[in-house]
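As numbered in numbering that gives the first Met the number 0, residues 0 to 109 make up the sequence shown, in order.
Simulated from the structure, these hints should not be mistaken for laboratory data. Glycine residues also receive a C-beta, built at the ideal position from the N, C-alpha and C atoms. You can take every hint at face value.
Calculated lysine-lysine pairs in the PhoX-like style (CA-CA distance at most 20 Å, straight line):
1. K98 x K46
2. K103 x K46
3. K101 x K46
4. K72 x K56
Have a look at the derived ranges for each label pair, beta carbon to beta carbon:
5. P14 x A40: 19 to 29 Å
6. L102 x M66: 40 to 50 Å
7. N9 x T58: 27 to 37 Å
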Amino acid sequence: MAETSKQRDNYQYNPWLIHLAAQLLVNDEQATSLIAHNPFANGTAPKFIRGEHFLYKFTTIGSQEAMAGYWWKRTRIGSYFPPITLRAVRGYLESHGWKVPKLKNKVYKM
Numbered sequence: 000m001a002e003t004s005k006q007r008d009n010y011q012y013n014p015w016l017i018h019l020a021a022q023l024l025v026n027d028e029q030a031t032s033l034i035a036h037n038p039f040a041n042g043t044a045p046k047f048i049r050g051e052h053f054l055y056k057f058t059t060i061g062s063q064e065a066m067a068g069y070w071w072k073r074t075r076i077g078s079y080f081p082p083i084t085l086r087a088v089r090g091y092l093e094s095h096g097w098k099v100p101k102l103k104n105k106v107y108k109m
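Take the sequences, apply the hints, and build the full model.
Structure follows, in C-alpha cells:
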C-alpha cells in the first residue's frame with residue numbers, strides 16, 4: 000500500500016513518533032542516541048516536546064548554498080504534533096500496548 004501525503008502529514012498514522020517523543024521526555028538512552036546533540040544530557044529531561052513538519056530538498060550542485068556546505072533546503076510545513084507531556088500521552092501509549100516510560104533518577108558520580 001502506497002503512503003499518501005495525508006499519512007505523512009498526520010502523526011496518527013505514525014504512532015511510533017509519539018512513542019519516541021515519550022522516550023525523549025524521560026531522556027531514554029536509546030532514544031537520545033538517535034539525535035546528534037542531546038540538550039538534556041545533564042540529566043534534566045524536557046517537560047514538553049513537540050513535532051515540527053519540514054519539507055527537505057537537496058540544494059543544487061554548484062550553488063552557493065552547496066559550496067557553503069548546506070546540502071539541504073528546508074521549508075516548514077507546520078506542526079506535526081502539538082507540545083505534549085508524558086502525562087498527556089499516557090493513555091495513547093497504553094492504547095497501543097506500549098509501556099509508559101519512567102523518568103530515571105540520574106546518579107552523579109563523585
